[in-house]
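According to the UniProt record's numbering, the residues represented by the sequence shown are 1 to 259, in order.
One thing to keep in mind: the hints can contain errors.
[To be verified] In silico BS3-like cross-links for lysine-lysine, where the CA-CA straight-line distance does not exceed 30 Å:
#1 Lys-175 to Lys-66
#2 Lys-259 to Lys-175
#3 Lys-81 to Lys-66
#4 Lys-150 to Lys-93
#5 Lys-175 to Lys-81
#6 Lys-150 to Lys-175
#7 Lys-93 to Lys-29
[Stated by the list, open to error] Using C-beta positions, here's what the derived DEER-type ranges look like:
#8 Gly-44 to Ser-229: 35 to 41 Å
#9 Asp-76 to Leu-194: 22 to 28 Å
#10 His-103 to Thr-191: 17 to 23 Å
#11 Ser-229 to Ser-107: 30 to 36 Å
Because the hints were derived from the structure by calculation, they are not lab data. We treat Cβ as the ideally placed atom computed from N, Cα and C, and that holds for glycine.
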Amino acid sequence: MKTMDIRTVNVVQYIQPLREGGSLPAIVKADDGFLYVLKFRGAGQGKKALIAEFIGGELARAMHLKVPELVFMNLDASFSKTEPDEEIQDLLKFSVGLNLGLHFLSSAITYDPLVSELDPLTASKVVLLDCLISNIDRTAKNTNLLIWKKELWIIDNGASLYFHHNWPTWETHLKRSFPLVKDHVLLPKATHLLQASEEIKKSIHIAVITEIVANIPEDWLLSEEDVFSPGEIRTAYITFLSTKLSMLDLFVKEAEDAK
């Protein structure tokens, strides 16, 4: 039974593109009056990046980490017709339908490992989260972390769960560890990995994983090139994440060794 409350809103105004993002996300206004960073289904990695963003964000929230509210965002065809920039026009055209939005954190600043302060337990939780979801994109070059109101906020999980870009081989990823943890921007500050692991085990279990996966929009699971049905894909996500959760002690050791 679904108890998560993921709101669905409609885009009413395209405000500006965020060109520092590789997939050209944008700041938009929704019909609830709030601003969001809109991640487009028509961008490079398509709907799978939205799924990774959604799963990673909601797992982080379940771990009691700070994540901007995630909403499903309807985009209609009218926006592409009035956009003068051809690149953005195409992106809007290919993104008609349900996209993903993150609540816009006004005046937030990018996390800087040399300047920003961060408690070691939070750092440890983020490191282990990224081990669980195979997130290769939380490095010093691109932290994908924000400081807002003196707290750390997690954004941009779209590069995680990369096994889903090739479904025929997905099971080969099940037992793999995460050696790329050595490049994680927060690894030097992650000195409470064991405690973080115990807290994650208390807050994340199969029911939490199942509920998050159940909330992925059916439309995002439909793709001409995929060999599995939406139901089979949901089962694969649950299997992958629950298997990684069972490897948490291994991830702790791997992260400790990487230091």
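So the hint says 22 to 28 Å: do the beta-carbon atoms of Asp-76 and Leu-194 match that? 49 Å, violated
Does Lys-150 pair with Lys-93 here, judged by a C-alpha cut-off of 30 Å? 38 Å, violated
Given the range 35 to 41 Å, decide if the beta-carbon distance of Gly-44 to Ser-229 lies inside it. 25 Å, violated
Holds or violated: the 17 to 23 Å window for the beta-carbon distance between His-103 and Thr-191? 30 Å, violated
Given hint Lys-66 paired with Lys-81 - CA-CA distance at most 30 Å: 36 Å, violated
Verify the proposed pairing of Lys-175 with Lys-66, using a straight-line Cα cut of 30 Å. With Cα atoms ~29 Å apart, Lys-175 and Lys-66 stay inside 30 Å; holds.
Verify the CB-CB distance for Ser-229 and Ser-107 against the hinted window 30 to 36 Å. 44 Å, violated
Check the hint pairing Lys-150 with Lys-175 against an upper bound of 30 Å on the C-alpha distance. Between Lys-150 and Lys-175 the Cα gap is close to 37 Å, so the pair fails against 30 Å, i.e. violated.
Agreement of Lys-259 and Lys-175 with the hint, judged by alpha carbon distance not exceeding 30 Å: 22 Å, holds
Does Lys-81 lie within 30 Å of Lys-175 when you go C-alpha to C-alpha? 47 Å, violated
Please verify whether Lys-93 and Lys-29 have alpha carbons no more than 30 Å apart. 18 Å, holds
Hint compliance for this structure: hints 3, 4, 5, 6, 8, 9, 10, 11 are not met, and every other hint is.
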